[in-house]
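Engineer: Chain by chain, the residues run as shown.
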Amino acid sequence: MAAAPAPPTRVRARPLTPRRLTDLAAAAILSCLAFVGLFPYLYMLETAVKSNSQFSRNEATPTWPFRFGNFATAWHGVAPYLLSSIIVAACVMSGCILLGSVSGFVLARYRFPGRNFFFGLIALLLMVPNMASLIPLFVLIRGLGLLNSYPDLIIPQLTTQTVFSVVLMKTYIGHLPGELFDAAQIDGASPARTYWSITLPLARPIIGTVALFSVISVWSDYFWPELTIVTNSLRTVPVGAQFFQGELTTSYGPLFAGYLIASLPLLILFVALAKNFLAGIEGGLALDR
Amino acid sequence: MTPAAAFPAKTPEQGAARSPVPRRRQRRIPWGVYLALVPALGLLGFFGYYPDINGLVHSLTNWEPGFSSPFVGLANYRAMWHDSLWWESFAHIGIIFAVAVTAMWVIPLAAAELLITLSRPRWRLFFRYLLIVPLAFSPVIQVLTWQFIYDPNVGVLNGFLGQVGLTALEKNWLGDPGTALWALIFINFPWIAGLPFLIFSAGLQNIPGEIFDAAAIDGAGRWKRFLAIDLPLLLRQIKLLFFLAVVFVLQYGFAPYIATQGGPDNATTVPVLRIVGVAFDAGEWGYAAALSTTLLVIMMLMSGLTLLAGRRRAPRGAR
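Taken in sequence, the protein lines are chains A and B. Reminder that position 144 of the first sequence reads as 144 in my numbering, one-by-one numbering, no gaps. Every number in my numbering is 289 more than the matching position in the second sequence, counting from 1.
So that you can see chain A by itself, here it is in the shape it has in the complex (with noise of 0.2 angstroms):
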């Protein structure tokens, strides 16, 4: 709201005050930033519903009719690619935040011999890049025999999710006020009492931003499945984004429309979760101090 304004003039709703007038140029200046950002996305949406000679007689503004058949198009190519992402992603998302919470609740908790060692130990992983570990993992799921299966896909990424998910749900569940865990134990709750009806219901948010930040990471991992993954059906969306892109190098229509259904899971989870996210940011910075 503008600062107390003047005797009111019907003609302008506002008058134009210095503070009015900085925000008027600040949200000109973000539009053009947001549009230019989402330039690639708009493009993306605006082909996938042309047809071939619609985008080579006007590449770049939207044509009439609408092609939406391409979306029925790309989803035949797209759906395994959905249906492996999707399966992928509730075990790896399930997986870390039991065994997340779990450990972060003990190790925020409870005191004991080792405690800062075990969570040095399980936070040292942080610093472990993903891809300086690649040779080494793919040896080992090699030589277990499971290349080119679901745990090849789930094994890694509930890996590193779970080391995210134990620092993040420690921190956070560090950080809840202890009068509610002192009050659960003077009331004679059980320690999976003060898990379950205690740390679970207050950690939602946080909850909410490991599944999402697991989310997130299954439609990113690009170099693992694309290493070890042969079978069409057990590709997640990033290596089946581009063996799609290879199936559909000129119908660009199908191809954008392919791309933007494979997106849609995740574009979905994050606008249904985006406060969770913004929150787990936050909390990382608590963490940092």
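Heads up, some of the hints might be wrong.
[Said to hold, decoys possible] Computed, partial: chain B to chain A, Cβ under 8 angstroms:
| hint | residue |
| --- | --- |
| 1 | 337 |
| 2 | 340 |
| 3 | 435 |
| 4 | 443 |
| 5 | 491 |
| 6 | 543 |
To be clear, the hints were calculated from the coordinates, so they are not data collected in a lab. The beta carbon of each residue, even a glycine, is placed where N, CA and C say it ideally should be.
Dock chain B against chain A, hints included.
Structural biologist: Relative to chain A, chain B alone:
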């Protein structure tokens, strides 16, 4: 069974004690916690620590997974020393890093500043979401889309240049050794949808409004406020961002792998591509392990230094 169920039940007298309960807890060791930690530690031990250590050990061998791997000492590391492509790849990520800690911070910082300049929370939220929407697309799809933008024949970039009469500037952006690396760097321009922006805007939002009000009363203009308040307070986040930039850059690889395969003429080779090539194309696992270990050590050193540098600054910091 949930692992937590294995905790020893608290004795009633302990529960009845109203006085400082936590202190009491300290004395008896809740053995159940170890059981609760077993699954996570087991997973991370077997699939986290074991392969890394295994890789480290086998970097000293001529690794033939599944067969005997003859010990070769530091031969792999000596070979690395003379591997010009490997060092060239570090020059490339050096350039990427330089951009990652300058332009890729400045633009998001400017956007975050503009965001808190908006007086209405509603608009702030709206623009914040609008600016981070690209985050919701798979990075691979982002790269594939930009690859299309750079396409020499049907790409939007050349199309745009042709339309405004700058045909002379049209290029095969990803196919020209002079522009390929920069084309990769400019993927996702203006680089706002990312952690730096989120961290800056969260940091700025956490600055209490009273500080800004006080600054305004003291007659500090917007620019002065930025220099005197925002920037010093944001310096705390720089450590984290620097660490994230190191992680991002050292692991950078999928974009060139997809868009340029390290070419043209090795202009976009990065360490990760070299490692993958050595292992999966040449089958030199021991050498690949040595390269991975080197990458790991560099990463540890850089993050260790970042943490130490932050610590030294802390006592003086404007916390």
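Engineer: Evaluate each hint against the coordinates.
Structural biologist: Hints, one by one, checked against the model:
1. Here the hint on residue 337 of chain B is kept, as its CB sits about 5 angstroms from the closest CB of chain A, short of 8 angstroms.
2. A least Cβ separation of about 4 angstroms between residue 340 of chain B and chain A falls short of the 8 angstroms threshold, and the interface hint therefore holds.
3. Hint status for residue 435 of chain B relative to chain A: holds, with the closest Cβ pair at about 6 angstroms, below 8 angstroms.
4. Because the closest C-beta pair between residue 443 of chain B and chain A is about 7 angstroms apart, less than 8 angstroms, the hint holds.
5. Interface hint at residue 491 of chain B: satisfied, since its Cβ lies 5 angstroms from the closest Cβ of chain A, which is below the 8 angstroms cut-off.
6. With a least beta-carbon distance of about 4 angstroms to chain A, the hint placing residue 543 of chain B at the interface is held under the 8 angstroms criterion.
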